[in-house]
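Chemist: For the sequence shown, full-length UniProt numbering gives the first residue as 1, with consecutive numbering after it.
Each hint should be verified, as a subset may be incorrect.
[As the list claims (entries may be wrong)] Estimated spans, in silico, between C-beta atoms of each pair:
{"id": "1", "residue 1": "71", "residue 2": "111", "range": "25 to 31 Å"}
{"id": "2", "residue 1": "106", "residue 2": "230", "range": "32 to 38 Å"}
{"id": "3", "residue 1": "35", "residue 2": "222", "range": "36 to 42 Å"}
Hints were generated in silico from the structure; no laboratory data involved. Cβ coordinates follow ideal geometry from the N, Cα and C atoms, glycine included.
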Amino acid sequence: KNHNPICACPPGFTGDPFSQCLPIQAEPIAPPTSPAPSCFPSPCGPNSQCQMVGSVPACSCLPDYIGSPPTCRPECVLSAECPSQMACIKQRCRDPCPGSCGVNANCHVVNHLPICTCNEGFTGDPFTQCSPIPITTPTPEAVDPCNPSPCGPNAVCRGAGLCECIPEYTGNPYEACRPECVVNPECPRDKACLRNKCRDPCPGTCGQNAQCDVVNHIPVCSCPQGYTGDPFTSCRVLPPVQQEAIDPCQPSPCGPNSQCRAVNQQAVCSCQPNYIGAPPACRPE
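Using the sequences and the hints, build the whole thing.
Modeler: Next up, the structure:
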């Protein structure tokens, strides 16, 4: 340039053009790395929890759940899954007796159900209160027709030796009075024997927004259609599904030499400018 030689390294080379140009070395490409093990997202499955132990995620079942991830489950759902002397209460096999019987009453479990009876020497309703059987001393002058009692179990003796069943018990009071039920099979299939009466077992069993169905005397909780969650705690509304808008002009139904416009989600066809006829038979003038 201007009678002077100008030196420069060609493309792909670098260095001092007045002494030596060397090829540009390509930077090495690092191999892709796999993500480090993590609890997010959890690899443990439902009803489980994930904790990092060192650099490795460790899975375990949530409290009150049994099994091993990813198949953690509650201890029970139905009483039939528990020993016969236990009942399934809040998904745990528990003794159903606490709080079931009244004062001075004894509780024993028969086929998962609490059975209440008055203690020896007591009488009354074992589900509310049993009172000591009054002891009267007969006098030679008067004979008490109720001592000894001519009545059968769960019956009381009135004056003149008349017997009648205690409240909510039926039968022959001179032989034996019995409650409405003792075990579930004595009730309709949509009822359960609760406190010796056939009752609906659903109230208080399921969570918020859940529905309860009785199957063979057992309450079964489920979330209704349009809801999701744990029916034993709470069901929540499923989020609405967003539907994508459909373009009626894609693909165009109008034919060649025509144009399509969407009006109120309907395809409206017309011929292009300088064309006559009607879609789909538009033609040049």
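Chemist: If a hint holds in the structure, say so; if it doesn't, say that too.
Modeler: Against the structure, the hints:
The beta-carbon spacing between residue 71 and residue 111, approximately 29 Å, falls within the hinted interval of 25 to 31 Å. Distance hint check: the CB atoms of residue 106 and residue 230 are about 36 Å apart, consistent with the given range 32 to 38 Å. The hint said 36 to 42 Å for the Cβ distance between residue 35 and residue 222, and at roughly 38 Å that hint holds.
Checked against the numbered hints given earlier, the structure satisfies every one of them.
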